[in-house]
Amino acid sequence: MSVIKTEHLTHTYSQGTSYERAAISDINLEIEAGKMIGIIGHTGSGKSTLIQHFNGLLRPTEGKIYVDGEDIWEKPKEIRKVRFRVGLVFQYPEYQLFEDTVYQDIAFGPKNMGLSEEEIDRRVKEAALFVGLKDDQMEKSPFELSGGQKRRVAIAGVIAMSPEVLILDEPTAGLDPKGRDRILGQILEYHQEQKKTILLVSHSMEDVAKYTEQVLVMNHSRVDMFDDVEQVFSRSKEIEAMGLAVPQVSRVFLSLREKGWPVPQNVYTVERAKEALERIMQQGGKAHA
Amino acid sequence: MLKDITIGQYFPGHSVLHRLDPRMKILLTIGYIVMLFTVSNPLGLGVGILFLIFAYAISKIPPKMITKSLKPVIPIIIFTTLLNMFFVKGDPLVDWWIFHISRQGLLTAVVMTIRIICLIAGTSLLTYTTSPITLTDGLERLMKPLKKIHFPVHELSMMMTIALRFIPTLIEETDKIMNAQKARGADLESGGVIQRAKALVPILIPLFVSAFRRADELALAMECRCYRGDVGRTRMKQLHYSWQDGVAAAVTVLCIGMVVVVNIFAPVVF
Amino acid sequence: MEPILSARDVSFAYDNYEEKQLPPIVLDDISLDIQPGEFVAVLGHNGSGKSTLAKHFNAILLPTAGTVYVNGINTKEEDRLYDIRQSAGMVFQNPDNQLVATIVEEDVAFALENLGVPPEEIRRRVDESLKAVGMYEYREHSPHQLSGGQKQRVAIAGIIAMRPKCIVLDEPTAMLDPQGRKEVLQTIRQLGGQFGITVVLITHYMDEAAQSGRVVVVDNGKVILDGPPRQVFSHVELLKSVGLDVPQATELAWLLRQDGYNLPDDILFEEECVQAIEKLLEEHHVSH
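Residue numbers (our numbering), protein chains in the order written: chain D, 504 to 792; chain G, 2 to 271; chain Y, 77 to 364.
Among the hints, a few may not be true.
Partial list, derived from the structure: chain Y residues whose beta carbon lies under 10 Å from chain G [claimed, not checked]: (1) M77; (2) K131; (3) G148; (4) I149; (5) E153; (6) T178; (7) A187; (8) E189; (9) R199; (10) Q221; (11) G224; (12) A231; (13) V299; (14) L301; (15) G303.
It is worth saying that the hints were derived from the structure and are not from the lab.
The model shown is predicted, which means the values in this text are computed figures rather than measured ones.
Here a beta-carbon is modelled for each residue, glycine too, at the ideal position from N, C-alpha and C.
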């Protein structure tokens, strides 16, 4: 069953004025529970607007959103509850930290849910474990930590609410390769252990290719593609035409195919590229032997 | 959304009023205000009102902007009107229970209301036709003589500029932080006064932290661009008075002169 | 030729490193010469010391031991501070926190106004700099109306208006989207080519470093690699071990070489990779 479903979802900013502009228009989606999905699209394609609808931060100007089959705007007064079911980690989330200690900051979400002390404690510790925070860091002020650590605290703060769907908007922005691999690795691990649905907004095709199962491509306020990673990256040419960068290996394989070499078109990571080349070289060699 | 708030009251345009030197506009506005409060006769007040209507007409600022600028001061206007109406003593007009309205009281109230409206509309015209940065620039140059008595003119104007530069950035940031805390279930909309004030903590702390960080980085960037206060500083944009400024000054002085003449020769009414 | 930037046996440590939880030694005996006209990328992960090194080239930080020369001036000479800052301009990471004025052209004029340049000359240099970074049409905009990449280009214009010999950019693209990164990098490459300004680009993006003329890899406060990109990126294992990426084309060739296939070790770009693979496939009798 789909965990998030949208029907004709449309959001128009400054409706009725001369600045009127549709940020997303007529989006019909069904997101399957338990998947890890990448969302790509250039700045202004509507991806930020879209994800802020999933947890009820923005109200559609037209259309409907269902979480677990329930229309989330049926009772607008209870919209806050939707935010516990669909957790959203914003870009540069470290700038939202405010409590005296790391522990308290992670506990902010669970406290807002009105959970018992024991349950809050259990969730905070579990979330901290997922993002690799050590016990001695829990009583520190979040402002004393390094940039990468702060970001992990902020992510833990959303994980601690134990949402069914976890959305991360560019969780690796500004991090170096080491910090990036660490955070994405932890998110993947969380996904595999908890079987939660994860939506990962990213500018990096390499990361999307490496970590996700499905990819949603936004372009001009609409969903342009939504399919398995392989299917999406086999259309590298179209993605490039939208002004998005496909991974370098995909481009290499695209050129090889254009030159008539029998290489597969769904290659998007270095490892797969290596395997694919070695396979055809072995076959090629045998065929001639 | 917070983003929709417009900062500064600037209303871009190309009228003569927009093109006047900001220093001239500030001086003329001050002159006009002084005139408003020294006028002592309906004829003089009429001249003042006509002058304002004329100025708005050539500025091409839509008249509805006047009402918009008056909206925030309506409580003050009502308050002073009532105060004057009920507490100025004189020939009684109404004398019922605790309400005593005198003829003089009513007159003072009406005149005061007109003065405040003209004052607000007049100063708004200055901000509508002058961008905040030009206004700051004009103020800095006008106050230059105050440097002699060690008044920090340059520093104040630099502070103004930086504030103007960062207001939109910080508004956007507040929006982001609010959304981020809402996403963690923060309840900003319900509860009593104390609860609502408490709910602001998760927004204000990150906002302050970020503002300090920005200030720090900006200071470093300014130093790297050789900023050392007012020492040996030049400006790219020079202000020059043009013939239009002369005309504007002449018209205003003429108007003020008329009011002075009226004040002297016509009977003092209020 | 006399180097424009020169670090001799430079070490740096913060005084209160314990309370700030910083490593005791941030820069460890670095010696580095940068010649006029070079485009040098300084590559390293966060905390490697690369930004600290950059701040030495502008006299924001002074070495604990050793000496830094900017255009021949020792950065410890306090009374030459403005000469140093005029010779080596600095662009920072956050595009929002380095623009001072509310109008683009006023911001570009800021440094020149501070230096007391005559108004007509400021006007001329401001227009010239804005044209150089392709932001002339936006000269009357307010910075908050611009995208991140555009703001960074305005910041660059503000520096080149000073006519510096050298420009040091401290992770100028870290906070930008791919479009913004592209714009800024293109502008940076022009600085060297068209204007002959020496460029020092601090970054952790290997694809940016690959486009430079010389890559200096910093780790743990030390220079561990220094050379042309092809040579530096051929050290795939070393780079990975210090937490850095190599271009995918380089990595693919490296993986295949590991498995005994015959490929060159200096592949950086896509086209070279395609050609090398074609040759390899032909050698293995794979038919078109």
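Restraint satisfaction for G303 (chain Y) [CB to CB of chain G, less than 10 Å]: This interface hint is violated because 29 Å lies over the 10 Å limit.
Hint validation: E153 (chain Y) versus chain G, beta carbon distance must be below 10 Å. Holds or violated? Since chain G brings no Cβ nearer than about 16 Å to E153 (chain Y), farther than 10 Å, the hint is violated.
Per the CB criterion, is T178 (chain Y) less than 10 Å away from chain G? holds (5 Å)
Supplied contact hint for A187 (chain Y), tested at 10 Å Cβ to chain G: holds (4 Å)
Under 10 Å is the threshold here; is the Cβ of M77 (chain Y) close enough to any Cβ of chain G for the hint to stand? violated (26 Å)
Once the shortest beta carbon distance from G148 (chain Y) to chain G is found, is it less than 10 Å? Hint violated; G148 (chain Y) Cβ to chain G Cβ min 19 Å, cut 10 Å.
Would you settle whether the hint for A231 (chain Y) is holds or violated, based on the nearest Cβ-Cβ distance to chain G being less than 10 Å? OK, holds: A231 (chain Y) within 10 Å of chain G, min 8 Å.
Using the nearest Cβ pair, does Q221 (chain Y) come within less than 10 Å of chain G? holds (9 Å)
When the nearest CB of chain G is found for I149 (chain Y), is that gap smaller than 10 Å? This interface hint is violated because 15 Å lies over the 10 Å limit.
Under 10 Å is the threshold here; is the Cβ of E189 (chain Y) close enough to any Cβ of chain G for the hint to stand? Constraint on E189 (chain Y) satisfied, holds at 5 Å.
Restraint: V299 (chain Y) near chain G, CB-CB cut 10 Å. Satisfied or not? violated (24 Å)
Taking 10 Å as the limit, does the beta-carbon of G224 (chain Y) come near enough to a beta-carbon in chain G? At 12 Å from the nearest chain G Cβ, G224 (chain Y) fails the 10 Å test, so the hint is violated.
Hints 1, 3, 4, 5, 11, 13, 14, 15, counting from the list given before, are not met by this structure.
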